[in-house]
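**Q** Spelled out, the chains give:
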Amino acid sequence: MSALLRSGWEWFIAQRWLMMVFLIIGFVLAFAIPEYNLLNKYVQLVMMYVGINIILTVSLNLVNGYMGEFSLAHAGFMAVGAYTAALLTQKVLPIAAHPWLFPLAVLMGGLVAAVLGLIVAVPSFKVRGDYLAIITLAFLMIVKSVIENIDYIGGPRGIPGIKKLTTLPWVFFWVVVTVWVVRNFVYSKYGRGVLSIREDEIASDLMSVNTRRVKFMAFMVSSFFAGIAGGLFAHLLQFISPRVFDIIKTTDVLIMVYLGGIASIGGSILGATAYTVLLELLRPSTVAAMLAWLPAMVFDPLNEYVISHLGVWRMVIMPLLLVLVMLYWPRGIMGLREFRWFVPKRDMEAHHCLNKPTGGSHDAADGR
Amino acid sequence: MSESIVYWLQQTLNALQLGSIYALIALGYTMVYGILTMINFAHGDVFMVGAFFCFIAAVYLGLPFLPTLLLTMAGAALLGVLIERLAYKPLRNAPRVSAIITALGLGLFLENFTLALAPYPKHIPALLENVTWDLGGVSVSSLQIIIICLSLGLMFLLDYVVHRTPVGMAMRAISWDKTFVPLMGVPVDLIISVTFAIGAGLAGAAGTMYALAYPVIDPYMGIMVGWKAFISAVVGGIGNIRGAMIGAFILGGVEIMVTAFFPSTYRDFVAFSLLLLLIVIRPYGILGKPRTQKV
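In order, the protein sequences belong to chains A and B. Positions 1 to 368 (the UniProt record's numbering) are the ones given, in order, by the first sequence. Positions 1 to 295 (the UniProt record's numbering) are the ones given, in order, by the second sequence.
For the record, the hints were derived by calculation from the structure and aren't laboratory data. Please read all numbers here as calculations on a predicted model, not as lab measurements. Note that beta-carbon positions come from the ideal geometry of N, C-alpha and C, so glycine has one too. Do not take every clue at face value.
Output of the computed footprint for chain B on chain A, the stretches with three or more beta carbons under 8 Å from beta carbons of chain B [what the hints assert, rightly or not]:
(1) 119-129
(2) 138-149
(3) 208-221
(4) 252-258
Partial list, computed: chain B residues near chain A (C-beta under 10 Å) [as the list claims (entries may be wrong)]:
(5) E3
(6) Y33
(7) T37
(8) P90
(9) L108
(10) L110
(11) E111
(12) I238
(13) P263
(14) P283
Using the sequences plus the hints, can you model the full thing?
**A** This is how it looks when you write it as structure tokens:
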């Protein structure tokens with residue numbers, strides 16, 4: 001039986017054209033679900049959050065997973081994108097033109113974030129490892145602090161009452177764009193450079209890889225999509241403040257990256273989905289709804305002593321989960337492996353050799 | 001004395017108080033980095049838990065100041081060793097990023113666990129009788145003096161332990177080389193645990209003093225103070241114990257002066273800009289030595 005399943009899976013995974021089919025089905029569903037209310041509003045909302053988290057995770061995986069740097073600045077780029085997009089739709093663009101100009105605002109947010117990504121890339125020429133983590137952290141804190149000190153954009157109070165312009169089709173569109181761009185980047189000439197930087201930066205310099213250029217590109221692509229995710233996020237949450245984009249937000253994305261596994265787009269998608277859905281499933285109301293079939297004698301005490309407290313305890317469970325993943329499952333769901341549909345045909349052979357860990361690759365990358 | 005000198009003296013005193021608290025925490029960061037070349041991002045939260053231990057000892061057990069301080073230090077030290085044994089030790093040979101992530105996760109865990117147990121900010125009772133003297137316009141409180149003196153005392157004690165005792169010698173040896181030092185009969189695991197215990201104990205002491213100086217504590221207080229202490233350690237040259245102390249007083253001074261002359265919301269901005277500037281110009285800190293990169 002399992003052999004049959006296995007061979008069935010092998011056949012399925014070999015049919016690359018199915019990817020296009022799924023893509024089209026996805027787009028159709030993304031339009032149909034909100035239009036005909038196929039799923040309830042809450043599930044639609046969770047789906048949009050899953051999409052935004054996939055964008056964040058895949059883009060952070062480019063720097064943290066493929067390039068082997070340790071960036072903590074992702075929430076900062078997200079904040080920049082969110083503020084740019086929100087300011088554009090709230091204060092600059094005419095209200096009448098909103099639904100059509102919304103993508104423009106999101107795009108602008110991404111571009112501004114990308115420019116800042118270039119700035120963060122500069123110190124990464126000289127500094128690696130722990131110190132780069134500190135620099136990116138400082139960048140995040142500075143972004144937060146600057147936003148807090150500009151009164152025009154609401155200071156510490158943030159921007160309330162943003163129009164809800166993020167829709168399921170747009171989220172799906174940007175997820176597809178993110179996966180497509182990052183995948184093509186990773187398997188391009190520059191992608192090889194990115195991997196070589198992770199394995200050994202000095203050696204790749206010697207092999208005439210233009211490491212500066214590669215780093216510029218990687219940081220730019222990564223922060224661009226973080227900005228996009230920020231713009232979508234702002235117009236979904238409808239309220240942003242500097243507090244939304246603090247170190248905890250970055251930690252969330254890090255958890256998703258490492259849960260899914262480094263250097264794997266398929267893993268990032270799985271990690272982001274699993275983490276977001278799990279976090280939603282642990283909500284007291286969801287758990288109560290799922291267990292409502294239990295007899296009242298069992299349900300009531302359970303509800304009183306366990307379920308109603310989950311709101312706080314789920315925030316305890318998640319970091320614990322991260323630590324346990326790191327201790328017992330350090331490669332995550334798909335660490336350094338890739339879903340075959342994302343690997344170009346010409347790389348199918350080479351992929352296995354390329355992505356094999358060379359015995360503590362991160363240590364080698366530290367140059368010691 | 002003229003107005004401005006009084007003002008400066010007052011601010012210097014405040015800076016010393018803040019700096020000494022930062023220094024106690026920064027020492028934990030720098031010791032762990034020195035010995036394991038790993039940033040213990042959960043350290044700021046050990047400091048926070050220390051403040052909560054202080055709350056428990058002072059309110060539920062009703063202890064006076066000195067037993068509270070000792071109990072807090074012991075509790076924090078235990079927590080530090082526990083974290084090291086359960087979370088960091090299995091990862092000692094793993095990629096370094098795993099250890100950083102684990103530390104971040106542990107910090108978040110400590111914060112949210114404390115939040116789940118203590119949802120509202122807690123108020124610490126005054127454990128010490130606070131007398132304020134007026135020295136020519138500069139108001140000096142006994143609490144400030146105690147905090148500064150106690151911190152300096154602990155720092156000198158640590159400096160003595162590290163530079164003059166066999167345990168300290170073993171610590172320095174391990175930070176120098178982890179391959180051959182164990183062959184000389186140095187119990188590496190024990191020494192690493194001792195390092196964590198000392199670092200966490202100092203953070204616990206800092207937690208007590210912070211709680212006395214700023215008596216409202218909450219589960220997220222460790223994040224910012226922890227990062228600031230970490231900046232201090234980097235400014236002084238991470239891995240260098242005297243550097244961490246100097247860095248902490250510099251950062252405390254800068255922060256107090258920024259708040260004295262600019263709106264207080266600029267404080268974090270200046271602190272982190274300072275860090276950024278320093279890493280780009282002098283990445284190994286004030287007292288740190290540049291590490292040459294070996295291929």
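**Q** It remains to establish, for every hint, whether it holds in the given structure.
**A** Outcome of the hint check:
1. Proximity of the stretch 119-129 of chain A to chain B, defined as three or more residues with a beta carbon under 8 Å from a beta carbon of that chain, is established by the 4 residues found.
2. With a threshold of 8 Å between beta carbons, the proposed coverage of the stretch 138-149 of chain A by chain B holds, since 9 of its residues qualify and at least three are required.
3. Check on the stretch 208-221 of chain A: 0 of its residues sit with their Cβ under 8 Å from a Cβ of chain B, so the three-residue criterion for coverage is violated.
4. With a cut-off of 8 Å between beta carbons, the stretch 252-258 of chain A has 3 residues touching chain B; three or more are needed, and the interface restraint holds.
5. A least Cβ separation of about 29 Å between E3 (chain B) and chain A goes past the 10 Å threshold, and the interface hint is therefore violated.
6. At a threshold of 10 Å, the smallest CB-CB gap from Y33 (chain B) to chain A is about 8 Å, leaving the interface hint in force.
7. With 10 Å as the threshold, the beta carbon of T37 (chain B) comes within range of chain A, its nearest partner Cβ sitting at about 8 Å, so the hint holds.
8. For P90 (chain B), the interface hint holds, since its Cβ comes within 10 Å of a Cβ in chain A; the closest pair sits about 6 Å apart.
9. Given hint, L108 (chain B) at the interface with chain A, holds; its Cβ is 4 Å from that chain's nearest Cβ, closer than 10 Å.
10. Because the closest C-beta pair between L110 (chain B) and chain A is about 9 Å apart, less than 10 Å, the hint holds.
11. Interface restraint check for E111 (chain B): the shortest CB-CB distance to chain A comes to about 8 Å, inside 10 Å, so the restraint holds.
12. Because the beta carbon of I238 (chain B) sits about 8 Å from the nearest beta carbon in chain A, less than 10 Å, this interface hint is met.
13. Look at P263 (chain B): its Cβ gets to within about 8 Å of chain A, closer than 10 Å, so that hint holds up.
14. Look at P283 (chain B): its Cβ gets to within about 6 Å of chain A, closer than 10 Å, so that hint holds up.
Checked against the numbered hints given earlier, the structure breaks hints 3 and 5 and satisfies all the rest.
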